[in-house]
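Trainee: Using the sequences and the hints given, assemble the complete structure.
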Amino acid sequence: MKVTFLGTGTSQGVPVINCQCEVCSSLDYRDKRLRSSIHIEVDGKNFIVDSGPDFRQQVLFNQITRLDALIFTHQHKDHIAGMDDVRGFNFSQQKDMPVYATQAVIQQLKREFPYVFAADKYPGVPRVVVHEIENHPFETEGVTFNPIEVMHYKLPVFGYRIKNFTYITDAKTIADKEKEKMKGTEVLVLNALQRKSHISHFTLEEALELVEEIQPSQAFLTHISHGLGTHREVNRLLPPHIRLAYDSLSIEI
Numbered sequence: 001m002k003v004t005f006l007g008t009g010t011s012q013g014v015p016v017i018n019c020q021c022e023v024c025s026s027l028d029y030r031d032k033r034l035r036s037s038i039h040i041e042v043d044g045k046n047f048i049v050d051s052g053p054d055f056r057q058q059v060l061f062n063q064i065t066r067l068d069a070l071i072f073t074h075q076h077k078d079h080i081a082g083m084d085d086v087r088g089f090n091f092s093q094q095k096d097m098p099v100y101a102t103q104a105v106i107q108q109l110k111r112e113f114p115y116v117f118a119a120d121k122y123p124g125v126p127r128v129v130v131h132e133i134e135n136h137p138f139e140t141e142g143v144t145f146n147p148i149e150v151m152h153y154k155l156p157v158f159g160y161r162i163k164n165f166t167y168i169t170d171a172k173t174i175a176d177k178e179k180e181k182m183k184g185t186e187v188l189v190l191n192a193l194q195r196k197s198h199i200s201h202f203t204l205e206e207a208l209e210l211v212e213e214i215q216p217s218q219a220f221l222t223h224i225s226h227g228l229g230t231h232r233e234v235n236r237l238l239p240p241h242i243r244l245a246y247d248s249l250s251i252e253i
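Numbering (my numbering) for the sequence shown: 1 to 253.
In case anyone wonders, no lab produced these hints; they're calculated from the structure.
Do not rely on the hints blindly, as some may be mistaken.
[Unchecked claim] The list that follows gives simulated cross-link-like pairs (lysine-lysine, BS3-like), each with its CA atoms no further than 30 angstroms apart:
hint, residue 1, residue 2
1, K32, K77
2, K110, K45
3, K45, K154
4, K121, K154
5, K181, K196
6, K177, K32
7, K179, K163
8, K45, K179
9, K2, K32
10, K77, K154
11, K177, K163
12, K32, K95
Since the model is a prediction, treat every value here as computed from it, not as a measurement.
Mentor: This is the structure we're talking about:
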């Protein structure tokens, strides 16, 4: 399995124009973060989790030429806003795009993209086949995804476990029964928004505590705001098996 981080940033705490903080003025490419998303290549199939506002840019930059399904974590704008751009894959693959999402996400997609779901579609609009998912394992293209429900303040959000890889974003709390699904995972990805407390996201300290509890071989931190600090600075503080992810980082599992 190969996982590529298409984006590791967030719309939370977006700095003002001309911000001169260390992250915004950094020349390190690892500090330039698009909205969080991952591309998964497994068993000859290609999946993307979340299509935020940067979706088109991420796909083009990472030279992703095939997509077998699009899977959503939740309905916030920074995770769904780019769905319109699946039309490029419709054209190149000559097929409708399978989309996997909860009922709440599907309802939001219909509000955001009514033309996609209209009975009388305008020629050239994105073509999708929507599959409603719940908190049970589901299979697409022969690959099993196991949802992990986490709480983003009061909003349920799905993370996913695929084989020995677990991806969690936009989490603040996770029930013990959901943590059990994460146990034994080889590579764990968690959100770590910033250092100071936040109402709906793990802080760096909280993310590190969960990594210690789950005990993966490796962990990567994502959904990072500029308030966390520079890539170089934060990595110096982390144990060797925990790293900050960065855009276009690829890992083999």
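Trainee: If a hint holds in the structure, say so; if it doesn't, say that too.
Mentor: So, going through the hints one by one against the coordinates:
1. Only pairs whose Cα atoms come within 30 angstroms are accepted, and K32 paired with K77 is accepted, the gap being roughly 20 angstroms.
2. The suggested pairing of K110 with K45 holds, with an alpha-carbon distance near 27 angstroms, which does not exceed 30 angstroms.
3. A C-alpha spacing of about 34 angstroms is found between K45 and K154, which places the hinted pair above 30 angstroms, so the restraint is violated.
4. Of the supplied pair hints, the one linking K121 and K154 is violated, its CA atoms being roughly 35 angstroms apart against a limit of 30 angstroms.
5. A threshold of 30 angstroms between alpha carbons decides the hint, and for K181 with K196 the separation of about 28 angstroms falls inside it, so the pair holds.
6. As the CA atoms of K177 and K32 are separated by approximately 35 angstroms, the hinted pair breaks the 30 angstroms bound.
7. With a CA separation close to 15 angstroms, the supplied pair K179 and K163 stays within the 30 angstroms bound.
8. Taking the CA atoms of K45 and K179, the gap is near 27 angstroms; set against the 30 angstroms cutoff, the hint holds.
9. Pair hint K2 plus K32 holds up; C-alpha atoms about 22 angstroms apart against a cutoff of 30 angstroms.
10. For a cut-off of 30 angstroms, the pair hint linking K77 to K154 stands: about 17 angstroms separates their Cα positions.
11. For the proposed pair K177 and K163, the alpha carbon gap of about 18 angstroms is at most 30 angstroms, so the pair holds.
12. A C-alpha spacing of about 34 angstroms is found between K32 and K95, which places the hinted pair above 30 angstroms, so the restraint is violated.
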